[in-house]
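S.K.: Make a model of the complete structure from these sequences and hints.
Here's the letter readout for the chains.
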Amino acid sequence: MKLVTGVIKPHQLDAVKDALHALGVAGLTVSEVQGYGRQKGHTEVYRGAEYTVEFLPKVKVEVVTDELDVEKVVDAVATAARTGKIGDGKVWVTPVEEVVRVRTGERGVEAL
Amino acid sequence: MPEIDSGHTAWILTSSALVLLMTPGLALFYGGMTRSKGVLNMLMMCFGAIGVVSLLWIFYGFSLAFSEEVGGSSIGGLFSDLSAAGMRGLFETGEEGGLPILAFAGFQMMFAVITTALIAGAIADRAKFGSWLIFAVIWATLVYFPVAHWVWGAGGWLGEGMGVLDFAGGTAVHINAGAAALALALVLGKRVGWPKEKMKPHNLPLVLLGAGLLWFGWFGFNAGSELAANGISAVALVNTQVATAAAVLGWIFVEWIRFGKPTTLGAASGAIAGLVAITPACAFVEPLGAIAIGAIAGVVCSLCVSLKYKLGYDDSLDVVAVHFVGGVIGSVLIGLLAVEVLADENGLLYGGGVGLLGIQTLGVVVVAVYSFVMAWLIAFAIEKTIGFRVKPEDEVEGIDLTEHAEAGYDFTSTGPSLVGSAPARPAAAPAAPESASSEKVAG
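Line by line, the protein sequences give chains V and P. Mapping of the first sequence onto the working numbering: position 23 corresponds to residue 23, and the numbering continues sequentially without gaps. Mapping of the second sequence onto the working numbering: position 376 corresponds to residue 376, and the numbering continues sequentially without gaps.
FYI, nobody ran anything at the bench for these hints, they're computed from the structure. There may be inaccurate statements among the hints.
Said to hold, decoys possible - Once the Cα atoms are required to be at most 27 Å apart in a straight line, the calculated DSS-like pairs of lysine-lysine come out as:
1. Lys261(P) to Lys85(V)
2. Lys40(V) to Lys60(V)
3. Lys198(P) to Lys391(P)
4. Lys384(P) to Lys190(P)
5. Lys40(V) to Lys200(P)
6. Lys37(P) to Lys190(P)
7. Lys310(P) to Lys196(P)
8. Lys40(V) to Lys196(P)
9. Lys261(P) to Lys40(V)
10. Lys200(P) to Lys310(P)
11. Lys72(V) to Lys85(V)
12. Lys40(V) to Lys384(P)
13. Lys261(P) to Lys200(P)
14. Lys40(V) to Lys85(V)
15. Lys261(P) to Lys196(P)
M.R.: Okay, here's the thing in structure tokens:
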């Protein structure tokens, strides 16, 4: 099993959710995060004082998936999150050793 | 006893209410510019000024500034005697011009209140509230009441004596408060982290709301200062509007050129700069002159706000750049733009001599130096005795909490906000109600 993590623009969350839903992904975790990549924040001006805001609001989407579906899930997130402009985000994959469904105690792929 | 004129009286009572509204407006204007952990302290410093200065005005403030209105006398043009202290027995007296004396006193009370409150913007986030109240009492007593007498009192040495023109408070209010603000900023020192952390405004809509209330109330401030409802008050009202409009545009054009964007805070600040600058001049210049004063104030004040970074003093909310500089611009430009039909004397650009310009400059310098020195001494004495600043750790934690045991905003009960995407759909699983983090888990 793999954990697919995407850090994306907040406005693309709905598109990513729809794309994952279309793949039949049963669940995902979403959190509000802050960060920057090559986009490097933005500048605000208050009475002539310039403020560099380094950390931009982003959304982190996490999906645990069967290894067979990893490519599809990564593609779905990356494609749906893409606007073509700087700051679109990143998607990465990490291995997952075990998953337990809390309600039933099922383990592994059965628990997804 | 002259007969009371109900029309004039009605306008002055209305103007008094308008001017009072300026102080809560100022509180919001300043409050929005502070960080969210200091907003309540800013509001409280303004409301505290309303509290203490209003009472002082009745006890002895009115008497020190204006007791000649009820038969007192000016002592060397410096202040009036205490014959009107407590304001007892003044209910029936009508003054020249047909106003009840209490209507005049009430109107002037609001000026004393807002002038004191204006100073608070320089020391946002770091002054002990009790020390601020003590400062307000002493400064109003030793500086505002006498200076109001110098400029406006019968026998005052600047106004009647030297001929300094100040229709509604360029010297007595804005330069006076601006110079005191600079002194306080210097005595109290910089906020923890300034200027490395620039401390941006926490609520710009609040700033705009406050600026709007100030603008609204300012019609009473300026057009009420004629102490009558007549042609001159109409001139003051129109000039106030057009100067402010020009100043808004002046400030945002400067920003547009320097930073590429016209900002909300710039528009609000430009409005206040224009209102300040036209205040002394509003009944001495024509509308075209008022537009010139407003435009100059908008541009110059906008350029002056960065001075504090260059010179290294932390005037938190730019009281010096907006009120002091704006007040100087308006007071001095009277010397250039006054017209004889309104001011009894032409300014330099209308064929008058340099005399008025010199007198106006003298008025600016005298009030600025007196207020700065006195405010510095008062603040220094407070700092050395009971202390004027809160402890650094309290400042970092937030002055609202440490001085007032309150927080301006409570977001904990609203729950986690879903990131700025489209509205949640019915298909989405609901978040666990006890979830206190900003994570939303579905599936």
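S.K.: In ascending order, which of the hints set out earlier in this document are inconsistent with the structure?
M.R.: Going through the list in order, the structure violates hint 12 alone and respects the others.
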